[in-house]
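A.B. asks: Let chain A serve as the given structure and place chain B on it in line with the hints.
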Amino acid sequence: MRLAAQIKRLFRNLLRRDQLESVLDEELNGYIDEMAARKVRAGMAPAEARRQARSEAGGLEQVKEEVREAWLGNAIETAIRDVRYACRTLRRAPGFTAVVLFTLALGIGGTVTMFSVMNAALWRPLPYPSPGRIVFVQVDAHGVADAGAAPGEVLDLQGRSALLEHVSIVGGADANLEYNGEAEHLAAASVSDDLLPLLGAGTALGRPLNSRTDIPNMVRNILISDALWRRRFAADRGVLGREVRVNNLPMQIAGVLRPDFRPYLPASSDATEHVDIWFPSGIENTRQYRGFCAIARLKLGATVAQANAELASLAADFVREHPDTYRDGKLRITARSLQGELTRQARPALFLLAGAVGFVLLIACVNVANLMLARGAARQRELAIRRAMGAGTVRLVRQMLTENLLLALGAGGIGLLLASLSLAAIGEFGSTHLPMQSRIAIDGPVELFAVALTVGVTLLFGLLPAFRLASGRASDPLRAGRSETAAPSARLLQRGLVVAEVALSIVPLVCCGLMLRTFVNLVEAPLGFNPAGVLTAKLPLNLARYTDDQRWPVYRDVLERLRTVPGVDAVSAASPLPFASWQVMRRVGRAEQPEIPGIVATQQTALQGYLPLVGTQLRQGRDFTTEDIAAKRPVVIVDDRLARRLWPEGALGKRLAIESGKTRQELEIVGITAPVRVTSVRDEAVPHYFVPLHVYAIEMTAVIKTRESAASLAPAIRQAVNAANTGRAAFDIRPMDAYVADSIGDTRFLLVVLAAFAASCVLLASVGLYGTLAYLISRRTREFGIRLALGSGIPAIVAMVVGEGALLTASGAAIGLAGAMAAARAIRQLLYNVAPFDGLTLAAVAALLALVSLAAAAVPAWRAARIDPNTSLRCD
Amino acid sequence: MPQPSAELVKGTLDPLILRTLDLGAMHGSAIADRIAQVTKGTFQVKAGSLFPALHRLEQAGWISGEWQQSAEARRVRSYRLTADGRRQLATEKTNWKRVVQAMGQVLEST
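Chains as they are written, first to last, in our numbering: chain A, 1 to 876; chain B, 1001 to 1110.
Just so you know, the hints here were simulated from the structure itself, not pulled from any lab data.
Keep in mind that this is a model prediction, so the values were computed, not measured.
The beta carbon of each residue, even a glycine, is placed where N, CA and C say it ideally should be.
Among these hints, one or two may not hold up.
Have a look at the derived ranges for each label pair, beta carbon to beta carbon [unchecked claim]:
{"#": "1", "chain 1": "A", "residue 1": "P46", "chain 2": "B", "residue 2": "T1091", "range": "18 to 28 Å"}
{"#": "2", "chain 1": "B", "residue 1": "R1087", "chain 2": "A", "residue 2": "D25", "range": "27 to 37 Å"}
{"#": "3", "chain 1": "B", "residue 1": "A1073", "chain 2": "A", "residue 2": "V455", "range": "55 to 65 Å"}
{"#": "4", "chain 1": "B", "residue 1": "T1091", "chain 2": "A", "residue 2": "V455", "range": "38 to 48 Å"}
{"#": "5", "chain 1": "B", "residue 1": "R1086", "chain 2": "A", "residue 2": "S22", "range": "47 to 57 Å"}
{"#": "6", "chain 1": "A", "residue 1": "R81", "chain 2": "B", "residue 2": "A1073", "range": "36 to 46 Å"}
{"#": "7", "chain 1": "B", "residue 1": "R1087", "chain 2": "A", "residue 2": "R92", "range": "48 to 58 Å"}
One chain only, chain A, in its complex shape (with noise of 0.2 Å):
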């Protein structure tokens, strides 16, 4: 038999159904025909023969139902009469259909939600060349963890190393680009030579950087993103060898990198996703600064663990070749997988996310399955009498998960639409300091995984309530027509799922409340300086055209233009600004005590004014003057944490060494603030200190004190700059509020979609416990009607009511509890300040479940209430 042929039959059987029919229809007539006749040609009456032929040939709709399974196609035939028959029943149903829909496409929404972005920033692999074999290369030296590598490691690694090649580095920069007479300012990135073949970023245009011929001549050559080239040179391919100026330097166009590149580098190399520039970079040999973010590829064969070991020995090496560089003896030098880098900041709150979004689902289905069971029972006479028809066990189940896998396709459309709207949200969101946010989409791994996901939960909430109702003895319903009570084994398993219901919205919830206590703390921490109303403006400098002795008189310059800015109130410097992303760390001690090893302090440099300006509070001693400057006084002013603990018998007038590599500093200390926080609001340990402009000249960022907005007061600050003459513009004009909101920008974010799945949780459990509450007094109301009857009072109806609400919200709370106690021990390292079993938490949430039980209990106690005794024991 060929097989076109059966697909053409199947084909014909599908789209000619009716003809089919009418065939076997008159083919069946005439069989009953002839059947009759013989009967009448043998003596019998015409209306017997024909009532015994019928009779005979045993039931003519069974007879037809028999041959239609013979039929091709017949499996889709009936396939799609149970989809139009689920339709039908859906329609009839609004409310139910609604609830169903809007549960379930919650629930799907966000694990869709959840999944891609988790897939994106934890599980993609990185779209570089056999990406598990780049890693990150740590460097803990002088006391500093992931202190940064040191450009003559970085070589003796690149020459030594038998187990990793390509070793490289990269470090964000800012760049200035001047082209046809348009400044612009533009992340950029210095990159060692290696760095972009390693992550196989071939150029589209020109050639690779080389920084062998490409520093010497002094015309550095650098390489555009594709973005800039189609933007700025309007994808122009002459733009190979054009000069631009890029940071007040003339520099050439080498190449312009694939479109499709995207840089995903550790956060401690502080470049952006959205690098528009490369600076071809050298490597020196020198070990007397570090700080440099190095990446390497593991070669062909060789696991981390053996590259972790040969680095080990290297290290070794290192601090025995060069003991003055390692006074303390001690370097550690580690690898791991990039993307185990870009991530490991991130994964703790993605896996706390991923877990309520989980409870969000399952209760989903629980209140899905409860819906289906309450829906089932009043369901019951139908299917009896579908049954008593015929129908049998597995053609009714198949009927109710065509129905079901209905309202999951439907509820995983609105889910899709609902995660594709959240993804969107956190796309406008802002800091959320998660790890390769920009290729956060719905793809096709999400889409699969959304579709195995509806066909799950079609199983996970359909199959319980399909079986039960399938399984039922076929006669009972039908046989029930007054007494319709629900039967005590279904009201328990509803029960208990309501139980299950408020238990799993309690884990997420108090996850949230201590969250939310985690950033009010955050936000209300002691930052050691007050941020409000105080804009900042970069002040980019080319510190290496100007001599020590020429800086200040260029900042003065600048800071009295501003001065004279109208709404301007004050104004001073200070680089870098508190949780910029960027730090100066540096090993402090007491300068009459080189043997001991100093501790590590975060340095910042600051003009007079400063401290007063962003609110620093001088404890003892005096501020930096412009004399100090004058003078060139080796000055500094620490904070209370590093003055007691270096100096706990007072610190002020004492001798401090800052070391860095080689060189060791001695300045003496001239004022005592309070504590100043700089790497992270969470970070209380690391102390801290100022230093005057000539003993650190970084370039400086202007802090100004006003009333008026960043926006309003942009274009006359970057005039004044721009009048000074430093021949560069003022950028990143913004409030310094945005700092601090920028840095706890991830524990924004994880309180936000934590509270959002949160309130799901509690929503999704209310309608649960007042929709089973409703359907169980809805089942008793023949019983209400006779306490009623009997002389029972409305108060103590509405009391039994409300009491069953309490209890199934009580009972659900002591386990939820429990799992609540069990989740907030293992967030632990994601809070501030707040215990995992939060009195003021667990009080709130008990609080909130209780007054939410309370109106989900009191419609139907309310019904309840009214139930008149007459009607309620007359109604069917």
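C.D. replies: Frame of chain A, contents of chain B only:
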């Protein structure tokens, strides 16, 4: 006579119909009559088995049905064997012989 099991009917009815139609085109009740006559009444094929079997065989492409005038000038659906059906009949015959032989070997072995 004990009721033959469903499988036995399904398995034996198809070759019976094919063999009957091998003699010439026939309509439903004629096929049933013919089978009853040949088997001397052992097989009384009811409508409930006959028509599903006919449709199954037609869907498989072994027989094909068309409308014809019967001897009593009634419009009847008459089936005839196709080329595929003839090949199928040959296969079924061989199979049947093998089954009978095998059954005989088992049941009559000592």
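A.B. asks: Hints first: check each against the structure and report whether it holds.
C.D. replies: Structure-based check of each hint:
no., hint, in the structure
1, A:P46 / B:T1091: 18 to 28 Å, "45 Å, violated"
2, B:R1087 / A:D25: 27 to 37 Å, "32 Å, holds"
3, B:A1073 / A:V455: 55 to 65 Å, "58 Å, holds"
4, B:T1091 / A:V455: 38 to 48 Å, "41 Å, holds"
5, B:R1086 / A:S22: 47 to 57 Å, "29 Å, violated"
6, A:R81 / B:A1073: 36 to 46 Å, "39 Å, holds"
7, B:R1087 / A:R92: 48 to 58 Å, "53 Å, holds"
Going down the numbered hints, you'll see the structure goes against 1, 5, while the others check out.
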